[in-house]
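One-letter residues, chain by chain:
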Amino acid sequence: MTDIPRTTHDGRRARGYVMVFLALAAITAIELVLTQIGLAASAAGALFLILSLGKATLVVMFFMHLRQDSRIYTAIFLLPVILVLAFSTLMLMSAGGH
Amino acid sequence: MTTATPALSPRRYFGWSTDHKVIGVQYLVTSFFFFLVGGAMAGMIRTQLLAPDSTLVSAEAFNRLSTNHGSVMLFLWILPVLAGLGNYLVPLQIGARDMAFPRLNALSFWLLVPAGLLMLASFFVGAAEAGWTAYVPLSISGPDGQTLWALSVILLGTSSMMGSINFVTTIFTMRAEGLTFWRLPLFSWSMLATSILVLTATPVLTAGLALIAMDRLVGTLFFSVPAGGDPILWQNLFWFYSHPAVYIMVLPAMGAISEIFPVFARKPVFGYRMIAVSSLAISLLGLTVWAHHMFTSGMDPRLRVPYMISTMIIAVPTGVKIFSWLATIWGGKIRLDTPMLFALGFISMFLIGGITGVFLAAIPVDLHVHDTYFVVAHLHFVLFGGSVSGAYAALYYWYPKITGRRFDERLGKVHFAANFIGTNLAYLPMFLAGLLGMPRRVVNYDPRFTELNQLASLGAFLLAVSVLPLLYNMIVSWVNGPKAGDNPWRARTLEWQGSSPPPVHNFDQPPVVTEGPYDYGEAEARSMMPSPAAAGD
Amino acid sequence: MKERTLLVVVLVTALLVVAGIWVAQNVNLMPAEASTRAALVDQLFRAMLGLAAVIFLLVEGLLLFSVLRFRQPRGDDGDALPVHGNRALEIVWTLIPALIVIVIGFYSFRVLAASEIREENPLVVNVRSRQFAWTFEYPGTSVISSDLHLPVGRQVRFLITSDDVIHSFWVPEFRVKRDATPGQMAELLVTPTREGTYPVRCAELCGVGHAAMGLSSRVIVESDEAFQAWLTQAAALPADPIEAGRTLFKRYGCPACHALADAGAAGVVGPALDSLADPNGPHAHAHGGMDIRALVEQSVLDPSAAIAPGFADGLMPKDFGTRIPANELAILVDYLVAQK
Amino acid sequence: MTSHTIPHADDFRAGRELSLDHRKLGMWLFLASEVMFFGGLVGTFLHYKATLPTPEAALLDTVLVGLNTFVLITSSLMVVLGLDAIQRGRRRGLITFLGLTALLGAIFLGGQVFEFISLAGHGVTLQSSVFGSSFYTLTGFHGLHVLIGVIWALVTLMKAARGTYTAQEHAGVEAFGLYWHFVDVVWIVLFTIIYLI
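Residue numbers (our numbering), protein chains in the order written: chain B, 1 to 98; chain Y, 1 to 537; chain Z, 1 to 340; chain G, 1 to 197.
Think of the hints as simulated: they come from the structure by calculation, not from any bench.
Treat each hint with caution, since some may be false.
Claimed, not checked - Beta-carbon label-pair distances, calculated as ranges: (1) Y:29 with Z:14: 22 to 30 angstroms; (2) Z:313 with Y:125: 51 to 59 angstroms; (3) G:88 with Y:303: 22 to 30 angstroms; (4) B:38 with Y:228: 48 to 56 angstroms.
Stated by the list, open to error - Pulled from the structure, derived: some chain B residues nowhere near chain Y, Cβ distances all over 12 angstroms: (5) 17; (6) 49; (7) 56; (8) 86; (9) 93.
To be verified - With the C-beta cut set under 10 angstroms, the calculated list includes, among others, these residues of chain Y facing chain B: (10) 155; (11) 168; (12) 236; (13) 281; (14) 285; (15) 305; (16) 488; (17) 490.
Backbone N, C-alpha and C define an ideal beta-carbon position, used for all residues, glycine too.
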């Protein structure tokens, strides 16, 4: 897969990956702590969704190289994600019409 | 200009081959076999419905016949025949030597065989009898064949998804030099739009079918009402795929029409970009409308109107396509060969399906006609009058390319006449039966609908007969039909520029494309030049 | 040349509009109009039919005209004029269908809203469906009937559910259907406007009896007096207690699951109830010091309390307590206890 | 198997013009369909979470699974470091990191099996309730994907050991990497909707 632009072959990229990893680990730790505190359900729900969105974006952008790859890959990944968000919201909303 | 193609033994069609042309023909022949199986089931159904209280077929057998008639026709005929056409033509139309993943391509065909056998085998253990829609809880308690049916459809979905991964990758990465997206032939555009739908919609049905299979085999409670399971959930999972599925089944046929009209009217396609964009618009809009199948079910009433609106919007790009086709042949020099006849038949019959689709989108009307014979007529006009006529047109149009032979024009016209009359005779009466109160999937009916059903059955029998000239023509002409030459229709798209049938590696040198696929009437324009070396002749 | 084509276009458009209006007013494909909703739906349907006729004639006409007018002249293998597109025309045939669709959408929305207006004091009818029969219950009375009787002119509020798989309650003459989904209660508002007898169809595949289920029940729309008369007659009980008991036994659907020779019942889902009171009969196990009358009443109101050996719990409906008025319960229990 | 693909000048020129590699494009398309497959299961899980609240949900041990999530995130780091290693021509580095990925994947699966056993001990099984069905199906399908990932990691490791991958040509490692990270992203979403909200 020779389409990734070559950056210089030093440890900079590896260090970048470790930084991303630390961020992911930190967010996960925060989430665990938050569960122990016992926040109000609705507030916690929104917060957790944002945190997990953050983690997912980090992995997709840096570990899966979507940041520097062609926009077409991003579009191919985003379309299903948007559809799943819409489908899940509808499934959450419609608890039957009665 | 083209090297002589080495004599290839027909045995290659029966083994594992990674040549997209062999796989294309394997798809076409296998799907045609299932077309005959599905057609036989339709024949039995229409024979049973000749009389209001006939006991020829038992209620249980009738439910199994109608369930599998629908499943076979949709999953084992329409999807594979269009996949076969796409497989054969997309690489040729874009100037590639083969698909991006040849082995994956062969695997996606060979999944079709076990899937088909599984569905037919279900008849021996009590076939599925909950309709092709397999609504729960009825499909949870059905005989073992329902599980085989679910596994068969999962396999077909997997095969369809593999095909789409191949199509999208091939179209994006293997186009010939100079063949930009705005020079891509419209059939390839339609395969691209179709593949987007397949990749986003099929997995959701696969998940739903997995839940049904687990409920039946492992005893999970997804759709067990006493445990709190929700039948509406299955309807959402099912229709999320099954409405895009009907666009998956019509877009390639529309693509074929967009290829045939310019050739037989000797005139460029009208509004090329609008047609290409319409395919994508239909594809994306198609993912937002699924719940218009559930207006009468217990869905959330507040959601009905948004679904009505998004469904009606789809009529606009469909209208754009139909008007563009009309404008294409306006002022043309029309030759009424068989492919053109079927393309014209497609438009006139698909139009009836499309218009009645808007009736069904209007909620108050749908609350009356949903799950009645009005819907049966609508779906047969779009699928049989539409997709199948389109597939027939494509088969006749590309027959010389695939076999190098000409088919018998008279038999083609006989097939068209019988098919056109048969379709209208079979399905127009059903509209009226549905409006007057005949529900769908019934083994017996109110005597007041007798005449309408007899007309419909007559049409169905004519359709059964109409397949004979097609079968005879396709087989006999391949063996000793006259040589067709490389470009009998003098078409300008890239697949017609090489030899017919094309060599195993499609093009001797990578072709260089210098102008659009439909530049008819340009005085100095030459057909899309396959390669610089040939520019001299 | 320009004027001639303009004239032709205007003429053709006028012709199409006239044809569309004629179709909208004269072609009627629907069954009798027997509800307020039917009138509204038929208006919408006829309007759409007129529009459909216009579009159909336009497209099929253009198709036919092109095929005849622009046939390839004999021996002329040349190409036609290289016309690739016409921006104005493409905009027109995108906007006009969009406009038509918006108008239809808005009109449909108004018809939908108008057909779901709640009137006060509707007649409530419970629609219970099971494999393969409809049962209509009139809350506040003990009337249970396989045919639906309705007073003309009064809004009916159907509460629709199913005991097993999905069915779909559809009266074509009312122009509406609603799925009966198990585990859910669906509401449907209909105001009958025309007396007469109409079929009740099942519009969702529900098994081998799907077709039969659509031919078994009818809705009878009648005057209010006739309806009240029917209601009281249906609720009436014979004077003789045993006769009354037998009627109630059948009315509440006991024969579907229980066998009882006296009532000609042959159900096998639940235990047979012949010689129920015989202490050393088949039901001796349950007596255990309980007075037989208390045992029978308990088994009707709370079936799971005592399950006869060899029979499954959870099959017998648990809501008889709310559905059977006290006086009728007493008659029924007396009837059962009288089975020696 | 008749392989007729004679070496041809340049099949994927059009792809390079769009800076697309056909193998990576194929992988992303496959992942798009996987997003929709898990979308169907997530939709089902959320629907029943909304309509059938159950005390059984309280039996879930968020802390244990939190650690398991940490294991999976670490394995994602191993994959990218492995990819970085081969891009710098260090085959040994790739082999080590792939081994660690497979190990961490196995640890994650072990953690899940442990959780399943403890839950089953509390009476929550596939057949016990709708919650049980939807929980085990969703986490089960994800676990299946992790298992396939562990096997794929080991296969890639063996091919690396045979010298299949070089600094110039390591498409197989990238494909595996995309798949593994995708499975990690799916878990990040599942962890949130099952355990956190």
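Evaluated hints:
{"no.": "1", "hint": "Y:29 with Z:14: 22 to 30 angstroms", "result": "52 angstroms, violated"}
{"no.": "2", "hint": "Z:313 with Y:125: 51 to 59 angstroms", "result": "31 angstroms, violated"}
{"no.": "3", "hint": "G:88 with Y:303: 22 to 30 angstroms", "result": "54 angstroms, violated"}
{"no.": "4", "hint": "B:38 with Y:228: 48 to 56 angstroms", "result": "27 angstroms, violated"}
{"no.": "5", "hint": "17", "result": "28 angstroms, holds"}
{"no.": "6", "hint": "49", "result": "22 angstroms, holds"}
{"no.": "7", "hint": "56", "result": "19 angstroms, holds"}
{"no.": "8", "hint": "86", "result": "8 angstroms, violated"}
{"no.": "9", "hint": "93", "result": "7 angstroms, violated"}
{"no.": "10", "hint": "155", "result": "22 angstroms, violated"}
{"no.": "11", "hint": "168", "result": "8 angstroms, holds"}
{"no.": "12", "hint": "236", "result": "7 angstroms, holds"}
{"no.": "13", "hint": "281", "result": "14 angstroms, violated"}
{"no.": "14", "hint": "285", "result": "13 angstroms, violated"}
{"no.": "15", "hint": "305", "result": "13 angstroms, violated"}
{"no.": "16", "hint": "488", "result": "38 angstroms, violated"}
{"no.": "17", "hint": "490", "result": "36 angstroms, violated"}
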